[in-house]
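Trainee: Using the sequences and the hints, build the whole thing.
Listed below are the residues making up each chain.
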Amino acid sequence: MAALVFAALAGGAGCGSNPAAKSSSLTESGPKTTSLLISWSSDGNPLVPVCNGATQNCKNDITVLDKTTGAEVTLPITASSYTATAPNDTYAVRVNGFDGLGNSIASEYEVVPVQ
Amino acid sequence: MKRVLFLLPLIAIAPLVHVAAQTASKPTQTAPTQTAPPQTAPKTKFGATLVRRTVAAPLVTANASQYTQIDFNWAYTANAPTCGTSLTNCFSGFTLTDTTLGAVIATPSTIGPTSLSYAYIPSGGVPFGTSAFSLVANGYNGSGNPMTSTPVAVSVVVNVTTLNAPTNLTGAPQ
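Taken in sequence, the protein lines are chains A and B. Numbered by the working numbering, the letters in the first sequence go through residues 1 to 115 in order. Numbered by the working numbering, the letters in the second sequence go through residues 1001 to 1174 in order.
Because the hints were derived from the structure by calculation, they are not lab data. Computed from a predicted structure; not experimentally measured. Fair warning: there could be bad hints in the mix.
[Stated by the list, open to error] With a Cα cut of at most 25 Å, we get these calculated SDA-like pairs of lysine to any residue:
id, chain 1, residue 1, chain 2, residue 2
1, A, Lys-67, B, Thr-1167
2, A, Lys-32, B, Leu-1169
3, A, Lys-67, A, Thr-85
[To be verified] Pair by pair, the computed Cβ-Cβ distance ranges are:
id, chain 1, residue 1, chain 2, residue 2, range
4, A, Lys-67, B, Asn-1159, 24 to 32 Å
5, A, Ala-71, B, Val-1157, 34 to 42 Å
6, A, Pro-46, B, Ala-1103, 46 to 54 Å
7, A, Pro-113, B, Ala-1132, 39 to 47 Å
8, B, Val-1157, A, Ala-86, 40 to 48 Å
9, B, Ala-1103, A, Glu-108, 33 to 41 Å
10, B, Thr-1110, A, Pro-49, 41 to 49 Å
11, B, Ser-1143, A, Pro-46, 45 to 53 Å
12, A, Ser-104, B, Ala-1103, 28 to 36 Å
13, A, Leu-101, B, Thr-1082, 45 to 53 Å
14, B, Gly-1144, A, Pro-46, 40 to 48 Å
15, A, Asn-88, B, Asn-1159, 37 to 45 Å
16, B, Ser-1123, A, Thr-85, 17 to 25 Å
[Said to hold, decoys possible] A few chain B positions that, by computed beta-carbon distances, are all more than 12 Å from chain A:
id, residue
17, Tyr-1120
18, Val-1126
19, Gly-1142
20, Leu-1169
Yeah, the Cβ is synthetic: ideal placement off N, Cα and C, and Gly gets one too.
Mentor: Rendered as structure tokens:
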């Protein structure tokens, strides 16, 4: 109990002004997270052309998968972020497109590391 | 007389070209012999070979195609002397153009009259999809005006076989 009180005081819990001090043991007293901003710097395929209606040798869109529920969201290939409304779920992102024969292909799902 | 001597071989070598007197002869790829019947169409064309990425030639872009270089080659029988100090009635070299991008890759200053090949290293690697190229021979007529041959074309295709996942993926609670 004494340790918990010390941790709460050291982390500034209750003030609501120090988000960096969030702790898993203090989530009920800290700022409540309501969403998860998922972002990426590149779709990972800079030389692959965007499909724009084509179905060969191109990248088409991005899928965000909520691994907890199995729900999928499809985003334009030009997207660079997505705000998920279930911040405690686990998410993964992949890129979809077409190969030289017109077959649908996709990257591996990359799990979103939460900061 | 010099002008006449120059124009005659142009007409003789390129009889099917509509404006023979305004063109230089057309480059072709490896015509091993000249013994084929005159009416036989060329059996080979301007060629291009893709070169794979090597450790010694890393790509600027990590996710580029596996190819970094395109090696072009062709055959050519000049029908005019190589240009010297006087730019009249002479053959100066070749111009290679990426017709997909509309960009000139190399001109006679790079591909001289004795060149029969050229190694092209696209910035960032060879792009996916189809890239088309043309090659023309350049020269000057008796008046010193530039003239070019009809182009010969070749395409290279790099197919997408896999896709990479997004990079620098992060999730930030809000």
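Trainee: Which of the listed hints are not met by the structure?
Mentor: 6, 10, 16, 18 and 20
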